[in-house]
Amino acid sequence: MRIVVCVKQVPGTNQVYLDPETRSIIREARHAVLNPYDAFAVAWAAALGKQHGWETLALSMGIPAVDSLLRDALCRGIDRAVLLTDRLFAGADTWATANTLAAAVRKLGGASLILCGKMAIDGDTAQTGPELAECLGYAVVTDVTEIQALSGEQVQVCRNTGDGMQQLQVQLPAVLTVAKDSCETPMPSIAGLARGAGRPLACWSAADLGADPGLIGKNGSPTRVVRTETPPLGKQSRPLAGTVEQQAAALEKIIREIVS
Amino acid sequence: MPQNLIRALTPDQADYLRDESRLNGQAEWIAFPETEQQLREILSSCHQAGRPVTVQGARTGIAAAAVPMGGVVLSLTRLNRVRGMKRNAAGHYVLCAEPGVILSRLRKQIEDKHFAVSDWDEPARQVFEQFRRDRAFFFTPDPTEATASLGGMVACNASGARSFRYGPVRRHIQGLRVVLADGQTLDLERGREKADGRTLTLRTEQGGQLRIDLPTYTMPQVKSAAGYYAADGMDAVDLFIGSDGTLGVVSQIDLVLQPLPDLLWGVTCFFGEEEQAWQFTEQVRADSGTELVALEYFDSQALALLARYKASHPAFTRLGLPQRPFGAAITCEFQGEREAQLWDATEHLGRRMEQVGASPEDSWVARTAFDRDRLLFFRHAAPECVNLEIDRNRQQEPSLTKLGTDMSVPDDKLQAVMRLYREDLKASGLPYAIWGHIGANHVHVNLLPRNTGEYETGKGLYRAWANQIIAWGGSVSAEHGIGKLKTDYLALMFGEPGLADMRRVKKTCDPRFLLGRGNLFAPPEGRGSE
Chain A
1 MRIVVCVKQV PGTNQVYLDP ETRSIIREAR HAVLNPYDAF AVAWAAALGK
51 QHGWETLALS MGIPAVDSLL RDALCRGIDR AVLLTDRLFA GADTWATANT
101 LAAAVRKLGG ASLILCGKMA IDGDTAQTGP ELAECLGYAV VTDVTEIQAL
151 SGEQVQVCRN TGDGMQQLQV QLPAVLTVAK DSCETPMPSI AGLARGAGRP
201 LACWSAADLG ADPGLIGKNG SPTRVVRTET PPLGKQSRPL AGTVEQQAAA
251 LEKIIREIVS
Chain B
261 MPQNLIRALT PDQADYLRDE SRLNGQAEWI AFPETEQQLR EILSSCHQAG
311 RPVTVQGART GIAAAAVPMG GVVLSLTRLN RVRGMKRNAA GHYVLCAEPG
361 VILSRLRKQI EDKHFAVSDW DEPARQVFEQ FRRDRAFFFT PDPTEATASL
411 GGMVACNASG ARSFRYGPVR RHIQGLRVVL ADGQTLDLER GREKADGRTL
461 TLRTEQGGQL RIDLPTYTMP QVKSAAGYYA ADGMDAVDLF IGSDGTLGVV
511 SQIDLVLQPL PDLLWGVTCF FGEEEQAWQF TEQVRADSGT ELVALEYFDS
561 QALALLARYK ASHPAFTRLG LPQRPFGAAI TCEFQGEREA QLWDATEHLG
611 RRMEQVGASP EDSWVARTAF DRDRLLFFRH AAPECVNLEI DRNRQQEPSL
661 TKLGTDMSVP DDKLQAVMRL YREDLKASGL PYAIWGHIGA NHVHVNLLPR
711 NTGEYETGKG LYRAWANQII AWGGSVSAEH GIGKLKTDYL ALMFGEPGLA
761 DMRRVKKTCD PRFLLGRGNL FAPPEGRGSE
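Residue numbers (this note's numbering), protein chains in the order written: chain A, 1 to 260; chain B, 261 to 790.
Chain B extracted, bound-state conformation:
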């Protein structure tokens, strides 16, 4: 084993045993590769020794995919360089970045057009020169947690509010370099390595060959980050995106940049009744043009929670809130090149508000950087208040964790699922708050149990909802991934045949079941452990 690369995990490295899910794991070893070659040596050594490996990025995930269950923690935080730039066949700029690059830092670099290019080859520098002189660009995925790493975002096919218009991470990946569990490498380019029906044949750079029988299931026709992606004739890159660190370790991500529109407006509409907001969503979604990039929801409980924290917590004193309580709010985000286009779209929202019985006086239009910052504070305050609430409840009962759903349904089930949540929650008496990406029929129900009894009640509700949502053709995870916390729901969604299909794929890529053990499904008993 390369002793200098894999070291014993020390007590002061306990942070590497958990992530934002707040689940605590355990591990004996830890490694911080700085190059793809080191990554290969580490994986090859673990493969020979039969040591399980848990891949970690920035540990901002909330499904516990990065929490180790023994073996080696493989932290990619030092694989954090942007290695070059190229243009794809469509002429888009493509950045070649290592998996440990942090999203917020990358955004700043793209905005400032400032990269450390001294190590780049000449063609990459030439493309960068064109990029520097060109207009502004951006990487569209916008998960709430901007300190996420690119590798983590690829692992769970992350998305965020603007995925309503731009789609999840998957849509913006041109290629991947992947190190397999045994240390062999794959260089994958979208459009180049494609499946023949449901069979994917890949050749490693070391001359090995993988013949992968892809899962036979049909993917849900909704926003989804649950289970391995499978479709006839699919691209190989899509198999590794959203695979929760179980099929290989990504060592380079080629990500596509999009032109940044000049104008960005956020319009928040307030409604007396939640039903008005749901109807409004359906109407606005149906008649939206390309300028609508996000459609975000806050229910009455989320608004009430914000009001309570504004009144009681110094960090939220400056939070802008409406003068009186409302039943729900929807934030519509618009991007465009012409002010007249966004004026029209905004006025149209006003008419839609009136049609559902709300007033255009009860709205906020954020058109300036000053107002957009305040709107961002409002949107991000909801998850922060929920986390504070959970921490407060944990002081009384340390075993409690947040129960947050991440499920999506087809368009025609939006009102049904919102009603289902509300009726069940009212009947249970559990404290909760709902917000999220209502444009994609994907809201996060955050249950805030105060004791173990309420926690069990919440888990029961979650399971019942998952069953109903699967019956409606929805997904049990739309953007967070399955990790270790949602494996039961993945089993409900794809059934035993679907899980068997996924295990078969896993076995081809990682025969000893060493990578991301416990993510997606339980490993076969007695295999691969020391």
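Bound conformation, chain A alone:
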């Protein structure tokens, strides 16, 4: 039985630069950090792997420098890691990324459970996890706040529906995207660091995956970023007068004006 956890490198700063041609984020090693949601996916994977004796594997698609994020996952108790890196993967949208990750999972011989962060804080799409499930034909549950029970056949989870909590039992194999603060995220220990340094980290290219070139990278991306813009930031002062009730009513009117 195997748990795969997908992680992504995101910019660790607000000063993000876009490629003028592709309008996608220029990814640099410096100031790059693990997507914060993925930290919870890694913590869940390490804890479940230890509890059930399942193999755990961290998977990422990115530039070669992403290996430091994967090494960090190994220090946190993940058994092995695979970095998917190749110029042919560049410019991928969420669908091409999901296809690439799916090809890697197939090459591994599949997984019982795949964990992803709910979304990445750079693109904010929350699409890759569900699309990965679609590519593999696995079940998917998004925005999981708790993994309550796991057996060889199924997993029981709690998810946030936006207006309440929903408890689900899902047949494996399944993809779960997990919410922030859904579990404790223990830091690695000094001993964990030493163990992590000795664990295997492999690099796979597009050729290693045997991926269809039409499904990966820019060529495999059905979407294009046509334009990016910063929404205008407005600021106004309006004095409120009258009784408390009148001021409250005026304030309500302003709030409705803004949100409409």
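Simulated from the structure, these hints should not be mistaken for laboratory data. Take these hints with a grain of salt, some might be off.
To be verified - Residues from chain A shown here face chain B by an in silico Cβ test under 7 Å; the list is partial:
1. Gly12
2. Val33
3. Ala39
4. Met187
5. Pro188
6. Ser189
7. Ile190
8. Ala191
9. Leu193
As the list claims (entries may be wrong) - Sample of chain B residues with no beta-carbon within 10 Å of chain A, all distances over it, derived:
10. Gln273
11. Phe388
12. Tyr477
13. Met494
14. Gly617
15. Pro643
16. Asn653
17. Leu685
18. Leu752
Keep in mind the model is a prediction, meaning the values are calculated, not measured. Note that beta-carbon positions come from the ideal geometry of N, C-alpha and C, so glycine has one too.
Given chain A, work out where chain B should sit, using these hints.
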């Protein structure tokens, strides 16, 4: 009196009568100068009228130095601009900032390399352009309270965890502009105005001359923020740093920036017994390289307090804690340029843990921004929990205040002082928590009295410890300053001759004893008040 600059203090300005020490003072007037010229007019007017003046920054101090005891509150919150940038002889970037600049804001500006430069002169703008294109830099002092003002930090020679490697504020000040009590100004540059032996002669920009006979005492050879700094041939800037707002009002601070290393790791080691943590500290300190920048301690009571608040208080639910109780914890902070260097240093900590009988499994290594934030939460949670605890006790007994020590001892007295604290505290039955800068033999003992009887017991312990620590060659205040709350301990430390020396310095700079009245020592009776 310049009526437009000094106004009557109104009831809605009651916040200006207290600071984080929670001591309440009183004042009749308040002033908010926006320029050095206004500051001079205010001080000159108060000098002529004989009005006492209490200087305030962000009021985050915990020794009550900013709490007024009558007269005028001089708030420097509107003197809050960064006025320029230059390079010193060693090539370091030097920022010229007003005293009301808030540390957290300055840090952000330095990190973003973003300053309002439109008012800067051309040379300053040119230096800023070089700075913008250069690597990352930082201002090293890191007091727990990041909303402190630069003026306040200079007044008490603040430090923080990283002073283990970088030293206190004093080490990072290139120059000061000072307005004296009578409104005259001094422009001081490190290396330029130096004492001849213990005599310092200064010329004001208005042509006046001060001949200051410096104190004859020997400063303790430990981290200290107690009393006026004195040494043969010392720099004039060092006299004003740590003078608790009693010798003059700083109107500009030239602070030196240091290159920010690329990597910052925090390693927290947990120990079953407190003695293991003390031995570990001595060993790690002895063999540390330049990469070790901080060495911070949490005793069993501090860890237990955190566990209690995590279980009971919603603000601490997300606080990361070890799975089982421990006797003590030490956080080591490393900075460096190469990952291999920090790996080696971390592995070395693991071996040192084993040597004192602890396990490297019982540790946290924070290498990512995500983990560093969690570690910072852990470190700052201890003082917050103590404050909540004190507030809870004050609901039963409003006269209670926190009794927090700030004393340091020489290296060879570390284990002795830790034992002294623990044995006395166990015997007293007082609730307490200890944490702080163990690398500099400087921990804060926080006594948490529940009633006035326990409060008096705590005060007795504090005094007994001060006596012993002074006998060992330590200091009664390592970073908070003396203010109004620790004047008795300063008297114990320097004795009557030392206090007389300090009063003599004060009299030369502020003949009417108007500035920071009640800080460091009591003013001579019947002088200068209205």
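Consistency of the hints with the structure:
{"no.": "1", "hint": "Gly12", "in the structure": "holds (6 Å)"}
{"no.": "2", "hint": "Val33", "in the structure": "holds (5 Å)"}
{"no.": "3", "hint": "Ala39", "in the structure": "holds (5 Å)"}
{"no.": "4", "hint": "Met187", "in the structure": "holds (4 Å)"}
{"no.": "5", "hint": "Pro188", "in the structure": "holds (5 Å)"}
{"no.": "6", "hint": "Ser189", "in the structure": "holds (5 Å)"}
{"no.": "7", "hint": "Ile190", "in the structure": "holds (4 Å)"}
{"no.": "8", "hint": "Ala191", "in the structure": "holds (4 Å)"}
{"no.": "9", "hint": "Leu193", "in the structure": "holds (6 Å)"}
{"no.": "10", "hint": "Gln273", "in the structure": "holds (24 Å)"}
{"no.": "11", "hint": "Phe388", "in the structure": "holds (18 Å)"}
{"no.": "12", "hint": "Tyr477", "in the structure": "holds (45 Å)"}
{"no.": "13", "hint": "Met494", "in the structure": "holds (42 Å)"}
{"no.": "14", "hint": "Gly617", "in the structure": "holds (15 Å)"}
{"no.": "15", "hint": "Pro643", "in the structure": "holds (21 Å)"}
{"no.": "16", "hint": "Asn653", "in the structure": "holds (31 Å)"}
{"no.": "17", "hint": "Leu685", "in the structure": "holds (30 Å)"}
{"no.": "18", "hint": "Leu752", "in the structure": "holds (42 Å)"}
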